[in-house]
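Quick one: dock chain against chain with the hints and give me the complex.
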Amino acid sequence: MASLSGAHKAPTFQELLLRLQTFWAERGCVLSQPYDMEVGAGTMSPDTFLRVLGPDPVAIAYTQPSRRPADGRYGENPNRLYKHLQLQVILKPPPDDIQEIYLKSLEAIGIRLHEHDIKFEEDNWEWPVGGAWGVGWQVMLDGLEITQFTYFQQCGGMDLDPISGEITYGLERIAAFLQDVESIYDIVWARDPRTGREVKYGEIRLQEELQLSVYNFEAADVGKLWEHLRLYESECQELLDSFHQSFKTEKKSERHEKIHGRVVHGGETPADEDVRKAMRRFPLLGAYELCLKCSHLFNLLDARGAISVTERVAVMARIRNMVVGVAKAYAAQKLGTGAA
Amino acid sequence: MPNFLFEVGMEEIPARMIAPAQAELSRRVMDLLTRERLLSPENEVRSYSTPRRLAVQVNGVLGRQPDAREEMTGPAWSIAFKGDQPGAPAQAFARKAGVDVSALRKVRTAKGEYVGATAVRKGRDAREVLSEGLAAELAALYWPKNMYWRREKPERFVRPVRWILALLGQAVIPVEFGGVEASNQTYGHRILHGKEPITIGQPDEYVKALEAAKVIADVEFRRHRIRKSLDAARSVISGGRWREDIALVDTVTHLTEWPSAVLGRFDREYLRLPDEVLVTVMRDHQKYFAVEDAKGKLAAYFLAVLNTEPDEQGAAVIRHGNERVLRARFNDAQFFWNVDQKVKLEARVEMLKSVTFHKELGSYWDKTKANLRTAERITGLLRQRGTQLDEAALQHATGLAKTDLTTELVKEFTELQGVIGGLYARAQKLGEGVAQAIYWQYSPSAMDDPIPPSIEGQVLGIADRIQTIVAMFGIGLEPTGSKDPYALRRAANAIVKILAETGLPLSISDLLDSAPDKPTAETREKLRAFFRERLEFWLREARGFAYDVVNAVLAAGADDVRDAIARAEALAEVRGSEDLAAIAAAFKRIKNILRQAVEKGVVTAAEVDQAAFRDDLLRESEETALAVHAARLDQHVEKLRKQREYRAALQQIATLRSNVDLFFDKVMVLVDDEALRRNRLGLIAAVLGRFSTIADFSELVSA
Numbered sequence: 001m002a003s004l005s006g007a008h009k010a011p012t013f014q015e016l017l018l019r020l021q022t023f024w025a026e027r028g029c030v031l032s033q034p035y036d037m038e039v040g041a042g043t044m045s046p047d048t049f050l051r052v053l054g055p056d057p058v059a060i061a062y063t064q065p066s067r068r069p070a071d072g073r074y075g076e077n078p079n080r081l082y083k084h085l086q087l088q089v090i091l092k093p094p095p096d097d098i099q100e101i102y103l104k105s106l107e108a109i110g111i112r113l114h115e116h117d118i119k120f121e122e123d124n125w126e127w128p129v130g131g132a133w134g135v136g137w138q139v140m141l142d143g144l145e146i147t148q149f150t151y152f153q154q155c156g157g158m159d160l161d162p163i164s165g166e167i168t169y170g171l172e173r174i175a176a177f178l179q180d181v182e183s184i185y186d187i188v189w190a191r192d193p194r195t196g197r198e199v200k201y202g203e204i205r206l207q208e209e210l211q212l213s214v215y216n217f218e219a220a221d222v223g224k225l226w227e228h229l230r231l232y233e234s235e236c237q238e239l240l241d242s243f244h245q246s247f248k249t250e251k252k253s254e255r256h257e258k259i260h261g262r263v264v265h266g267g268e269t270p271a272d273e274d275v276r277k278a279m280r281r282f283p284l285l286g287a288y289e290l291c292l293k294c295s296h297l298f299n300l301l302d303a304r305g306a307i308s309v310t311e312r313v314a315v316m317a318r319i320r321n322m323v324v325g326v327a328k329a330y331a332a333q334k335l336g337t338g339a340a
Numbered sequence: 001m002p003n004f005l006f007e008v009g010m011e012e013i014p015a016r017m018i019a020p021a022q023a024e025l026s027r028r029v030m031d032l033l034t035r036e037r038l039l040s041p042e043n044e045v046r047s048y049s050t051p052r053r054l055a056v057q058v059n060g061v062l063g064r065q066p067d068a069r070e071e072m073t074g075p076a077w078s079i080a081f082k083g084d085q086p087g088a089p090a091q092a093f094a095r096k097a098g099v100d101v102s103a104l105r106k107v108r109t110a111k112g113e114y115v116g117a118t119a120v121r122k123g124r125d126a127r128e129v130l131s132e133g134l135a136a137e138l139a140a141l142y143w144p145k146n147m148y149w150r151r152e153k154p155e156r157f158v159r160p161v162r163w164i165l166a167l168l169g170q171a172v173i174p175v176e177f178g179g180v181e182a183s184n185q186t187y188g189h190r191i192l193h194g195k196e197p198i199t200i201g202q203p204d205e206y207v208k209a210l211e212a213a214k215v216i217a218d219v220e221f222r223r224h225r226i227r228k229s230l231d232a233a234r235s236v237i238s239g240g241r242w243r244e245d246i247a248l249v250d251t252v253t254h255l256t257e258w259p260s261a262v263l264g265r266f267d268r269e270y271l272r273l274p275d276e277v278l279v280t281v282m283r284d285h286q287k288y289f290a291v292e293d294a295k296g297k298l299a300a301y302f303l304a305v306l307n308t309e310p311d312e313q314g315a316a317v318i319r320h321g322n323e324r325v326l327r328a329r330f331n332d333a334q335f336f337w338n339v340d341q342k343v344k345l346e347a348r349v350e351m352l353k354s355v356t357f358h359k360e361l362g363s364y365w366d367k368t369k370a371n372l373r374t375a376e377r378i379t380g381l382l383r384q385r386g387t388q389l390d391e392a393a394l395q396h397a398t399g400l401a402k403t404d405l406t407t408e409l410v411k412e413f414t415e416l417q418g419v420i421g422g423l424y425a426r427a428q429k430l431g432e433g434v435a436q437a438i439y440w441q442y443s444p445s446a447m448d449d450p451i452p453p454s455i456e457g458q459v460l461g462i463a464d465r466i467q468t469i470v471a472m473f474g475i476g477l478e479p480t481g482s483k484d485p486y487a488l489r490r491a492a493n494a495i496v497k498i499l500a501e502t503g504l505p506l507s508i509s510d511l512l513d514s515a516p517d518k519p520t521a522e523t524r525e526k527l528r529a530f531f532r533e534r535l536e537f538w539l540r541e542a543r544g545f546a547y548d549v550v551n552a553v554l555a556a557g558a559d560d561v562r563d564a565i566a567r568a569e570a571l572a573e574v575r576g577s578e579d580l581a582a583i584a585a586a587f588k589r590i591k592n593i594l595r596q597a598v599e600k601g602v603v604t605a606a607e608v609d610q611a612a613f614r615d616d617l618l619r620e621s622e623e624t625a626l627a628v629h630a631a632r633l634d635q636h637v638e639k640l641r642k643q644r645e646y647r648a649a650l651q652q653i654a655t656l657r658s659n660v661d662l663f664f665d666k667v668m669v670l671v672d673d674e675a676l677r678r679n680r681l682g683l684i685a686a687v688l689g690r691f692s693t694i695a696d697f698s699e700l701v702s703a
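Chains as they are written, first to last, in this note's numbering: chain Y, 1 to 340; chain D, 1 to 703.
Chain D on its own, in the form it takes in the complex (with noise of 0.2 Å):
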């Protein structure tokens, strides 16, 4: 059985597309493969890439599909065959299935006897099917950006191909993309091998061949010796270490093809800027990894993964390069601080006049003065509520926030706005709380990441945040689909994982009248709707709620975060029970009948939503029976909601059970009496309303 190898060689494919390029060209091979019926159930496939290329090897493959047998039937064995002499139909139907007229037989069916034929559909040889399909394949490849290379724009593809590679065994598979016809040749080491082809004999030889051609196909192999060079190189300082970085060591896999790593060091001096800057420089910017010593501090030293593997003097060159690049950066990033530091952040809030906010909604001036009205708002409900904070230090946080964005620090290294704004406001003394703030105030940027240690840090993201939000939506530019050029969502997300994780008395309604900006009614309920989403995917992202629970939840109320949650925690806890299944499906029941009653026009949604019986007209025992249980419930299941004990109140409800089964097994709502029907439909309107205040448990889905 033959082994494949498919190999697509390119210009530098960007670090970013490599893994997933890599791992949808594995699923494309393996589903055309399945499809074509060329696998063989012992196979095995392995998938490599490099900057220049992807590549597929699957062991395993059929050197043709199996031919395949189809039982037909034909035409009607009298008119067919005139005794036992074929006729035109016989003859015809003979054809069609391929077969000599002396291979058809009589079949017999329910109706009758006919013609049968056993036909047999020769499997095609592989390479020819693998010729047509590897190139769609190829080209139903998805890149986040394209590019065309060549005239009148036949395909489109991450970077221009150089070279195919695609081998069944030892022979070529005819396979032509972008004006490449397939070989067996590959392509080594840009520098270290140079551009003669190497010829691949069979697929089990690749790997070795592209190692002695100094390139190392497979992913996790290159990302092993990486983490060996790092501690190889690092290893010459006592007790150092270089400090972890995941994404970094992901990045710089996808940027070799022969990776080694180079110490390079600095001047001390440097350690004196914060080590955020000397970080942020080091990764963003360079791509090295810091390097920490015994206790943990930042060294004075870097790592540079390097696409090559230099002599001595080669090594000597690279580190000495290295170190020149980044002298020069933290020069520059030295020579900014103090300059920054010559203009203090309060003499800076003028100059944020001239930095746009969004070209509707002014200068980031404007935006802290919104700022500064949205906060105080804020600041007044939590006094109001008894929550201590230190109120001068908030105000004078918001007031500074985004001052940093005229510094020429923050110019160079946006990615670290408000951290800039926080270690100025340290450096020029103006209180630690404030300092704290204005550092934290764009954390969280990700779902994992911390919220702002402070009080004030956590009241000031959510006043930038929500006036942002609010502002936003104003003037439409609310996210729509996978559109949300303002990060609106995430800026959302992150208000709900600072209420949630913190104490704050604070529901989203109160955050969208704090805004400045007052929306209209419109935007108002889109507002609420935008961040029950947001709540939404909170609960079942961030906590793991079930969908229907999250549903059930949020349908009784969205707008108290850390209630929403505990009243998700306590209803996860019992929706198991026996009990709560069945008043789920009761209350189903008695929403469908209410609709149908409001759809029929038998009572107006007014009137549901009164939800008014008198006792007086409660006829039936079972009627009466319920009315009484769900008001003594009512009040004990109000006071545990008000305490928030609602694993207690949701149980209380449960015991509800036997007194709406027996009331629907014995008693009809919908009875010819107008004045009893109504009192009934009010009478499950009631116990609807009241016990869906928890949640809404007709949203729940029974197991």
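If we strip away everything but chain Y, and leave its shape as in the complex, we get (with noise of 0.2 Å):
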């Protein structure tokens, strides 16, 4: 009898991310790895929260485990994790059959389209502290909201063009879905093709649940928290602070023009280049991991209760200030170095 999940053979967990993977690799997508720090979405790794800045063709998809600390239930609750693995598909420009590439995504990993309910249902995107936003969809499959479909506007409080298309599939849930387990945990990770032994998401995932509820909720030290919050913050405005002053940047865009116009004229000086060079090795990437680092360690402190009314909005200006400070200033190294 075929499964009520309409999957017929539904995939284990790993047979969902290859699948899915395997697809958009088909479909021209670099496959990257994981960014390997603390992000509370896919969306804040720099392959997508920096790729979709500035002109060049992207295309690439990556798996994300995207940490948010409140939503941790000690792996108690079936149905919410405090880290969760998303896939994220960044199309910049996005091919006009966005929406049916994806719909044959879904065909792939064994969801026959004929059988099921699906709605394209407007859902806006919006990282107030990375001043983005986007307009959208939540896919609806059989009232099962399984993937985030939306068209990046602005990044970084900066016009896109050409905006991107981010495809975010939630991948426990379609899991869950498609094996129809009523809880995560039972989400079957891996099946020994030689033994038939199944490994189980809770075998995986259960522990770490559990033991990083405990620290988000009641050990993570909340004084340490506020300075490593401080020295990461401090350490991330001085290099900003030491980008501006050696490239001048703070004079808006007028000089970028300028040394962007003598790359194309090809009449640059000996200390043009210099500048170019100094500029292109800037480390405005560690400058952004900083942001991250930021962005968790406020997470966890909100876990932990930990932030008072007046700091809550002051500090959240101050992490928006950092990251969209590095947007703006990485985009200008972009322009600036003709790296584009």
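Derived from the structure by calculation, the hints contain no laboratory data. Note that the structure is predicted; figures quoted are calculated from it, not measured. Take the hints with a grain of salt, since some may be wrong.
[To be verified] With a Cα cut of at most 30 Å, we get these calculated DSSO-like pairs of lysine-lysine:
| hint | chain 1 | residue 1 | chain 2 | residue 2 |
| --- | --- | --- | --- | --- |
| 1 | Y | K104 | D | K195 |
| 2 | D | K353 | Y | K224 |
| 3 | D | K145 | D | K287 |
| 4 | Y | K104 | D | K353 |
| 5 | D | K411 | D | K369 |
| 6 | Y | K104 | D | K287 |
| 7 | D | K106 | D | K82 |
| 8 | Y | K293 | D | K369 |
| 9 | Y | K293 | D | K359 |
| 10 | Y | K328 | D | K153 |
The structure is reproduced here in structure tokens:
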């Protein structure tokens, strides 16, 4: 008898990942690896947040573990996780038939479209801290939100041109749906083809959910978190200041235009060459990593209930300044070094 | 006469935006056809929409604009023609009019003889005209939220445009928008039909061709089909009904091209959760319809509207999937409910310190303290004025009103704030009065919502809102124009509605004085103007009073809501009488005389306010008569006014008419004798002042 999930041979969790990655690789996407730092969503990985800036085409797909400390439930809630896995696809510019390609990807993981109810319902995305927003949909499959589909419009407070299409699959949800299990922890992660022995999601992740929920909610040292936040922030700020001082980028885009113009016309002096070189090696990506640290620390402090009313808004504004500052500097760097 | 069809195909349009966009496109197309003289008198227009398209069909469109004849007058005949020979000016005029010189003729005007011609303006081909016009109309379509999608951002639209179909008869109208060229092709249901294009031979085929491709283009037909499907699907439960929800039917109508419905069920265990939670999960989060049994109680079923037509196997799969999702959601709600019970509402007060109310105004803990002080002062006023209420319950409820913001259930279902607090208060046996007041605190949130049923709930609702409004105004956050980010207008509307529909003896000034943040004199004026505007809105929109009645009544006082309503009712009843219209005209005249007198420095504004006159300076019998009548009437009217017998009072005031008319007929106000002049100005100012306390009649606009 066919399973009621409609998937005729439900893929394991790892097969789901493999099939989606293969699907997108076959359509020209570079499969990059998860970013090796704490992020709240796949969007915050530099592979999305920074790559959507500027004119260069992008086709990239990656899975990204996303940590949201306040969502932790000690592994007791069957539907909620501290850390879940997203598959993120970024297409710049988005192809005209992006929705159809997306629907094909569902077929690739065993969803027979004719047997399901699929709706694209309005759901706009916004990350105020990143000065980023877009319009799009949540894709509903038999009443379950399985994907967030967004046309990025702004990032780092800057208009994007061309825009990017972002497809974010919620992997645990999709796997639980396909395998028709009631709890995420019962998802079959892998099945040994030789013995048929199954490894469940819970075996891989339950302990992490439990212990990190304890850490996030009870054990994290609030004083030290604040201290870390302060240190990361000041280092990030120093880097940004140094970038602006070295390249006078605060005076809007005049200078970049100038540098860029000379690069184009080829009449550069040795001094310009040096500036370009210095600019290209300037570690803005390091500054961005410091932003990510700050963002995660903020989330931890929030989960600990350690952020007071007045602090909350102020700290968020500080992080926003850093993130948007890095994005703007990054755009200037790309323009200024002709590294487009 | 060809028929016209225009369809623009897009990626899924947000459901909430479809109906207005459909109406606007239809209007724009009709305006374009009318403007371009392309509409025959017997035209017929129909418009369509689905999540992926907007369309307009107009039958009875002209293939080309009719030729227009225009009578033109040129140079003087004597200049244009030498004898019968046309000169250069005649040639030039003939060219301008587009006629042969031989068609020029002599026209006689008052100024002499001129050259005349009948110019014929050739009508243009409809396709050519529409080709230019339609793209501009599309570009001008309003969307609440737009996007760019093409390089260099050439246009903004709600979602990327994927196809355009534009036909006049069988011919394609060459329209281009968003990089898409119009054709005679459209597309069917994404899944049920697939991406094969459908060719439309002529406009009348459109609806049928789409139906064959599993798209119902007609919105009302789709809505009807959804209602029928819901009826049919629930019919397996004997006596069961789906809970009517017009807004939800509307939403799912705009989310589907080929709708059907499936009935699902859930474990009866979940029925132990409050209805409010179950219905919110189903309606707001899943867009499901709730089902009730024959007695109107919630049944363990739901109805989902699908955008497909599954076979039996598919229906089972889809039902199963939707049941899974709902089960997880209910599980969450159940889990949150249980977790929330572990911390009593009382213990949550302290937790409010970390919930921001507003960055400058502090936390909800601060807000609660301020609300308590506000409620206490209002209670004091009510006590003085003999209104009974359970003060302890009100205080208890006010102290706990915001604590549900710290609960998991409210974090998940923010739209249930207040309601959850009330339900928890009941579950924690804090008393029905307390629970009710908390439950209803945010009602009414829209004009036709009910007000809280208990006086404690009403007072809590008022105290919470007035505290917010005064505090926000205090830091300069009053609404401006269309901007009202803190929904202060809605909050003030709710206060007005509660005061209007209850007998609470509270004026707007009472409330402004009850808020702990003392407004500055300037802010207080702003607040009074703001409430006056809200009261005006209420009288006009909710009660339907004419604007001049509202102006007249509010000019005489806008502080007491119930009183203003009573005065408006009385004035609306008697305003039609001839006597009152005459009084209104006379009062307008008095106002003008006084204003001019002040402007010219004949008297000061303070003197006008004093409105003093001396009996011994009344010379003419008409002024004496007016003064005597006014004095007698004054006491009478004042008595009626105090008893709020406004209608009788207004009828009394109307009896002044004959004396007022006679006065203005016979007595000159601005005479040379200064003492007399001052006295007469004082007299009319007194008449105006005494009898404008119910309404300022000079605001009335004569019929």
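Broken hints, numbered, in rising order? 4 and 8
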